[in-house]
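Participant: In case you want the letters, here they are:
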Amino acid sequence: MTESLTCNDVVERGIVERYLAGRLDLPEAEAFEAHYLACPRCQEDLRVAAAVRHNLPLVTNVQWLRRRWSRPLLVGVGLAAAAGFAALFLLPGDRVNPQLERLGAVLEPPVYLGVPVRGEQTSADSLFAAAMSSYLARRYDEAARGLAVALAAGVDSAPALFFRASGLLMINRSRESAETFQRVTGLGDTPYLVEARLYRAKALLRLGRAGEAITELRFAAAGLDDLGRWAQALADSVEALVQR
Amino acid sequence: MTGSDPPVERPTGLLKSVDVPAQELEVLRRGLRLLALRSLRDIDLAEEAAQETLVRALAALRGGHVNNPAHLGAFARGIACHVIADLHRAQQRTTSLDASQEADDPPSADPDALHLLVSDEEHEHVRAALASLSGADRELLRLSFFEGLTPLELANRLGEPATRVRKRKSRALERLRRALEEAGAGGHDRRPRPTTQ
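Residue numbers (the numbering used here), protein chains in the order written: chain A, 1 to 244; chain B, 1001 to 1197.
With the rest of the complex left out, here is chain A:
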């Protein structure tokens, strides 16, 4: 017997969102389809949701590119280095497809070029600077710990989170890295947004979470610059692998 849903159930349980993201189990999906066939409100919500899915990646990346033209980035990312796909890491567990793991490899970390400090340097800024010295010296574990301390002291969260996530990625703490990059994207429009998505995708690939990685890469791929093209190529590779 198919469960009977109300519109409130649909909203409360995020059913439209999960339906489109492919996160509903079969009985729930059947129940929702039986509901929306006779529900104009949920039909309209599906249309809105479909429009969001179609347009959100475009808007997000166009705005990011505009900002990039309008003011210099504080941080550059090693694109050429990042484009390397060779495996560097041995990953825990044996369930992740080795080819997926290889696509998640990163030869070189995101490049740090320095963050100018406005006004007087605070103790949090000093902690950040010390941690980034460790990062530049490739002592990523130390850098990640130092950045956590700097964050707790109140340093600007976007760069600190981004490079903490990058450090975690380089020492193969993929789950924590993915979560920390997620916190960067959760901040919204920052200069780190697209890069955070790309490197989060790398972490997700190492964890075998190909679907989520493709989502992140598709967002990053909407841009027409080198970063976008790289994301597109990586997304295509992952999709081809998943389809095989």
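Honestly, the hints are just simulated from the structure, not real lab data. Accuracy of the hints is not assured; some may be wrong.
To be verified - Covered stretches of chain A (chain B as the covering partner; in silico rule of three or more C-beta atoms under 8 Å from a C-beta of chain B):
no., stretch
1, 11 to 17
2, 28 to 36
3, 184 to 195
4, 207 to 219
Said to hold, decoys possible - Derived coverage of chain B by chain A (criterion: at least 3 residues anywhere in the stretch with Cβ under 8 Å from a Cβ of chain A; other residues may be distant):
no., stretch
5, 1029 to 1037
6, 1127 to 1137
7, 1144 to 1150
Virtual Cβ for every residue (Gly too), placed ideally from N, Cα, C.
Put chain B on the given structure of chain A with help from the hints.
Facilitator: Chain B alone, transformed into the frame defined by chain A:
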């Protein structure tokens, strides 16, 4: 349900039935179009599937095969699944030289096919509305519609109270609905969603 159904008279124009008001039939038709489009990824085929399903559903209604009108959606969905599978097989056989295997595969759902029901003008309005949102609100929408997070999961992920997250999301979606309406999407029976659930 598919091959053994008795032949039925195919109605022209707006479907009418003594059992189901025409307005409800039109709602059903729109819903069937959405359902079919996910699998068939073609507007015309989806329209055909919706029409065929309605014809079969009406025949069943007139034959007294649906006792509870509240179950009409589930009943129509059951018919639609057969119709969609039939159309999918027919589509595969006309496009593939190797008809034997591919044609028998069930159609897979493509959620992004639904955007075909949104006109170019509506897409433009939605893009403008999305651009007017804050980055944090766009990220909230991304987490909702791409990662499929529930309201509670969103609150946990963003580290904000659930009520605030729900209000932000509700406001953002309302702006997008208005954008669709302004682009001429009207005509749907749409009532505001509650914002405090």
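Participant: Give a verdict on every hint.
Facilitator: Hints and how they fare:
Residue count for the stretch 11 to 17 of chain A with a Cβ under 8 Å from a Cβ of chain B: 5. That meets the three needed, and the coverage hint holds. Using a Cβ-Cβ cut-off of 8 Å, 5 residues of the stretch 28 to 36 of chain A lie near chain B, which meets the minimum of three, so the contact claim holds. Look at the stretch 184 to 195 of chain A against chain B: 7 of its residues bring a Cβ nearer than 8 Å to a Cβ of that chain, three or more, so the hint holds. For the stretch 207 to 219 of chain A, the stated coverage by chain B is satisfied: 3 residues place a CB nearer than 8 Å to a CB of that chain, which reaches the threshold of 3.
A stretch counts as covered by a chain when three or more of its residues have a beta carbon under 8 Å from one of that chain; for the stretch 1029 to 1037 of chain B and chain A the count is 5, and the coverage holds. Evaluation of the coverage hint for the stretch 1127 to 1137 of chain B: fulfilled, as 7 residues show C-beta separations to chain A shorter than 8 Å, against a requirement of three. Residues of the stretch 1144 to 1150 of chain B lying with their CB closer than 8 Å to a CB of chain A number 7, which satisfies the three-residue condition for coverage.
Every hint from the earlier list agrees with this structure, and none is contradicted.
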